[in-house]
Structure formats: C-alpha cells, structure tokens
Amino acid sequence: MEKKQNAVMKAILGQKGKMFLTVVFNVASTIGRMAIYYFIYLIIREIVNKHGIAADIDTALVNKLCIEMLICIAAAMALTALSSYIAHSAAYSVGYDLRKGIIDKLSKVELGFFSKNKSGEIKKAVSEDCGSIEEFIAEHLGDVVSGVVTPVCLLIMMFNIDVKMSFAAIISIPFALIATLTIFLSKKYMTAHKEYSEAIGSITANAVEYFKALPVVRIFNSRGRSETALRKDIEDIYTATYEQGKYSMFGYTFFTTFITASLLGILPMSVYEYCNTGDYWGLIPKIMFFYIVGANLAGPLMNLAILSISTAKYNAASESINAILTAEEPEKISASGSQNGYGITFENVDFGYDEKLILDKCSLTVPDGKVTAIIGPSGAGKTTVARLIAGFWSSYKGDIKIGGKPIKSMTSEELYNQISFVFQENLILSDTVEANIRMNNTSATMEDIIEAAKKAQIHELIMSLPQQYNTVIGDGGHNLSGGEKQRIAISRLFLKNSPILVLDEATSYADAENEALIHKALAELSKGKTVVMIAHKLSAVKNADNIIVISEGKASASGTDEQLRKSSELYCRLWNEYLEGSSWILERSVNQK
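Here the sequence shown is numbered in numbering that gives the first Met the number 0, starting from 0 and rising by one per residue.
It is worth saying that the hints were derived from the structure and are not from the lab. Heads up, some of the hints might be wrong.
Label-pair distances were calculated between CB atoms; the ranges are [said to hold, decoys possible]:
hint, residue 1, residue 2, range
1, 126, 84, 16 to 26 Å
2, 565, 467, 49 to 59 Å
3, 102, 515, 38 to 48 Å
4, 174, 396, 53 to 63 Å
5, 496, 12, 39 to 49 Å
6, 12, 428, 32 to 42 Å
7, 429, 366, 52 to 62 Å
Listed below are the simulated SDA-like cross-link pairs for lysine to any residue, each with C-alpha atoms no more than 20 Å apart in a straight line [what the hints assert, rightly or not]:
hint, residue 1, residue 2
8, 565, 544
9, 107, 96
10, 99, 79
11, 186, 198
12, 107, 519
13, 396, 346
14, 104, 495
15, 453, 427
16, 245, 229
17, 15, 79
18, 454, 389
19, 99, 11
20, 541, 561
21, 187, 112
22, 407, 342
23, 553, 571
24, 536, 422
25, 15, 396
26, 369, 408
27, 565, 578
28, 495, 523
29, 186, 231
30, 519, 496
31, 122, 197
32, 122, 112
33, 553, 342
Just so it is clear, CB atoms sit at the ideal spot from N, CA and C, and this is done for glycine as well.
Model the full structure from these sequences, guided by the hints.
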C-alpha cells in the first residue's frame with residue numbers, strides 16, 4: 000500500500016517549494032486577519048472606558064489603532080491573494096504531472112491492462128480524480144493552515160484579555176472536535192466514501208457501454224447485462240450516498256450543537272465577573288470581543304471538520320490514480336542471439352487471470368510465412384493465444400518466441416512493429432478518412448493511402464462519401480457499418496506492412512457482402528506474411544496451411560484439414576457442430592421464405 004501512495008505523493012512533493020510558500024503566506028495572512036479583532040477590541044475598550052465622551056477619548060490612540068488595522072487588512076488581503084495564487088499554481092502543476100504520468104504509464108503497461116480496466120474508469124482517473132487532488136491542494140491546503148492558525152491566534156488573544164471568560168467560551172469545543180472527527184475519520188465513513196467513489200467509476204464505465212448498445216437493446220427489447228450492471232451501479236450510488244449522509248448528519252449535528260453551547264457560556268461568566276468586580280464598563284468590550292471571536296472561532300473549526308470529508312475524497316482519488324501509476328509494465332528479460340524469421344513458438348506456456356488458469360503447459364508452433372488457424376471450443380483459450388503473441392500480457396510462465404527470440408526480451412516498439420492485429424471491433428477515430436488510414440504511418444503520401452484503400456476494398460466507398468478522403472467519420476461524423484470500419488482498419492495495416500498478422504474473428508460483425516470484400520482484402524494483406532487466424536467459422540480455416548486445435552488450455556492437435564479429419568476426434572466434432580448449425584440456419588431461412 001505504501002508503494003501505491005508514493006506515486007501521488009511524489010508528484011505533490013515535486014511542488015514542495017510552492018506549497019511551503021503557500022503555508023508561510025497563509026500563516027502570515029491568517030495572523031493579520033486575526034489581529035484585526037484585537038485592534039477592534041482595543042478601539043472599543045478605549046471608547047467604552049471613557050463612557051463614550053468624545054472629549055475624554057484618546058483620539059490619537061484611536062487613529063493610530065485604525066491605521067494599523069487598515070494596514071493589517073491590506074496586508075492580509077495581499078498575502079491571501081498571493082497564497083491562493085501559489086496554491087493553485089502548485090495544484091495545477093501536480094494535476095499536470097499526474098495526468099502526464101497516467102498517459103505515459105498507459106503507453107507502457109501491457110495491453111491486457113485495458114481488458115481489466117474499463118475506459119470509463121481510466122477517464123474518471125484522468126479527469127475527476129486528478130481534479131480532486133488539484134482541489135485538495137488549491138482549496139483545502141489553506142483551510143488546514145487557517146484551521147490551525149486561526150484558533151491558536153484567537154486563543155492567545157482571548158487568554159490575554161480574560162482567562163476565565165476564555166475557558167467559558169471554549170469549554171465545549173474539544174467535545175465538538177472529538178465527536179465530529181470521530182465520525183468523519185471513522186472506518187465506516189471512509190468505507191462508505193470509498194464505495195461511493197468506486198460506484199461513480201463503475202457507473203461512468205458501464206454507462207458508456209450501455210448507451211453505445213442502447214439502439215440494439217431497444218430494437219430487440221432486451222435489457223441485457225449492460226443495463227443490469229448500470230442499474231446495480233445506480234443502487235450502489237444510492238446506498239453509498241445514504242451511508243455518507245447518515246454519518247455527515249450526525250457529525251454536523253454534534254459539531255453545531257457543541258459550538259453553539261460554547262457561546263452560551265460567555266454570558267453567565269460575564270454576570271459572575273460583574274458580581275465579583277462591579278466593573279460594568281470594563282466587561283462590555285470583553286463581552287463584545289468574546290461573542291465576535293467565539294462566532295468566528297467556529298468557522299475554521301468547521302472547515303477542519305469538512306476537510307475530513309475532502310480527505311476521504313482525496314484518499315479515494317489517490318488510490319484510483321495510484322492503481323494506474325503503479326500498474327505492472329511488461330516483464331523484460333535479456334536474451335542472447337538474434338531473431339531469425341517470423342515463426343512463432345509457445346513452449347510450455349502457463350497463463351491465467353482472475354485466479355483462473357487459461358493455458359496449461361501449452362506448446363505450439365506457427366510456421367514462418369504460413370497461414371495458421373487456431374480453433375477450439377468456446378473458452379478453450381484461442382483468443383488468449385492470439386493476445387499473448389501480441390504481447391497483451393507478460394505474466395506467463397514458459398517461453399513465447401518469434402524467430403527464436405523470446406518476446407519478453409523485445410521492447411514494446413520492437414514487438415508491435417512486427418505484428419498487425421485485426422480485432423473483432425476496430426477503433427475509428429473521429430477524424431477524416433485520410434487521418435484514420437494514415438494512423439499507422441504518418442509519413443505515408445496520399446498515393447500510398449489511396450493504394451492501401453484499394454487493396455482493402457474500401458476505395459470505391461470512400462469516393463462515394465460527401466468529401467471523399469476528407470470526410471469525417473467516427474463519432475460526430477459519417478456513420479460506417481461494421482464491415483466498412485473493418486476495411487478502413489485493414490487499409491491501415493497495408494501501410495504498416497508488418498511481417499506477422501493476427502486475425503481475431505475479423506469478419507464477426509460483417510454482412511455477406513462486406514465479408515466477401517474483407518476476405519479479399521485479407522488475402523491480399525496476408526501474402527508473404529506469418530498469419531495467425533482465430534475463427535469460429537470453420538469454413539474460413541479449411542484452406543489454412545496449418546490448423547491448431549486448442550482444448551482445455553493445450554494444443555491438442557495440429558495439421559492440415561485433411562490430416563486433422565483423420566487424426567483429431569475434437570476437430571471432427573467441431574466440424575459436425577458447425578455444419579449442423581449452418582444447415583439449421585439455411586433450413587430456417589428457406590422455411591421463412
């Protein structure tokens with residue numbers, strides 16, 4: 000846990016010079032503000048002691064006190080403004096460092112990190128959580144200083160004026176602080192606030208997923224998992240808010256009750272003093288001073304109580320940010336020898352996540368320059384194999400090699416330059432078609448882009464768009480179908496031209512026409528490359544040079560289609576299931592006609 004705290008603290012300590020100046024100026028401005036009350040007391044005492052008779056009042060003394068008070072007011076205002084400026088400067092510098100650190104970290108973590116952490120949670124860390132850290136430094140650092148210095152200054156003045164009345168004015172304040180801080184710093188309150196913060200992060204992530212799927216959900220009149228998750232988040236936020244509110248209510252009630260009670264003690268003590276001394280004129284300025292100061296004493300103490308809430312918010316934000324900043328980076332090893340070709344081998348690979356073993360002593364070979372299809376039952380580990388090749392995770396046992404070189408010994412740039420990955424869903428930027436295709440090769444010419452689009456079978460569609468290659472697509476732009484987006488993504492890969500191609504259900508969301516065009520584009524893209532293909536449609540893998548059957552985390556068989564039909568019972572069963580499913584769909588289609 001200490002390691003996780005250091006990530007945020009390191010950014011904060013990087014601004015320790017500014018924060019030190021903030022504290023110094025805030026202390027000075029607070030002393031200046033508190034001195035004003037003492038000047039007011041001295042002026043009132045001079046006037047009251049002379050019974051308000053102008054001729055008896057020391058005008059020179061009163062004028063001197065007024066001038067000194069005005070100087071204190073001006074100095075306090077200037078120091079407060081300067082302190083606030085420096086605090087905000089420090090806060091924004093810390094926020095900048097944290098956000099930059101998160102972005103830098105996200106470029107280094109293993110790709111599997113994004114499978115565990117939803118985009119909404121990362122977005123919350125970058126925006127809301129970093130904002131909470133900024134707010135704590137900019138707004139509440141001064142509250143801490145003021146909350147400590149103000150009571151000290153006021154207590155010094157109070158005890159200097161009258162000890163007995165001072166005790167009467169503050170006797171209940173310790174009870175107020177103890178009761179309030181006990182509630183706000185309690186484990187239950189901190190837990191409630193943490194649960195609230197987690198629920199906010201979860202609803203941010205799930206809302207993005209739900210609203211993307213909302214048109215489909217409504218068409219099929221199906222609520223599905225995304226709506227269930229969203230409803231649960233709403234209930235969790237309600238529960239956490241209720242728990243927070245419950246503790247806050249008791250905390251504020253105790254605080255205000257005890258603070259009010261402290262003011263009630265001043266009047267009885269004044270009567271007691273008058274009965275003992277009979278000094279009526281001497282008591283009036285004291286009573287006025289203690290009521291004014293007593294009322295102002297509550298403010299900074301209340302800020303300290305509120306600060307405990309902000310502390311809980313800061314802790315939750317810090318934990319969220321640290322979870323990213325301390326995320327594991329790909330494990331690297333040193334290895335002798337150079338890479339020889341682009342064949343891929345798994346040697347006794349063990350891998351799992353969420354305490355579930357996915358691959359168990361898995362060994363397989365993907366020949367250099369050949370098309371290798373990976374098939375198997377659902378959940379067997381096919382996609383895991385593909386993603387391990389692409390370096391999604393490094394926390395596996397055994398060896399994964401490309402051309403005889405362990406991928407753990409490669410830099411991320413070295414590995415990613417060798418591999419192109421076609422996902423089931425591909426990212427389309429909210430930008431022009433040209434910018435989307437140029438994504439993998441910013442130095443590509445317009446001729447290169449057009450040639451890539453032609454090979455990806457998407458050029459004709461692009462030319463039919465309103466502004467052709469300058470048409471904005473993605474969110475807020477021209478809508479493309481899933482198959483059209485896939486071909487845009489494939490055109491990027493023609494520009495990248497990496498020697499290894501990994502296809503993960505590349506035609507899952509394409510209609511028949513788009514699927515044919517995608518297959519044609521992929522056939523062109525695959526020429527001369529080492530291809531790893533994950534597919535549920537066995538018709539797509541029939542002509543592969545090599546087929547690997549994954550079962551229960553192991554490569555149970557490999558060979559050509561003809562060889563596996565003779566040697567692998569599981570392969571034959573998968574084919575039979577596929578043919579039965581295809582015939583059922585065809586039969587139903589014919590019957591509906």
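To test your reading of the hints: which numbers does this structure violate?
Of the numbered hints given earlier, those the structure breaks are 7, 10, 12, 14, 16, 18, 21, 25, 26, 29, listed in rising order.
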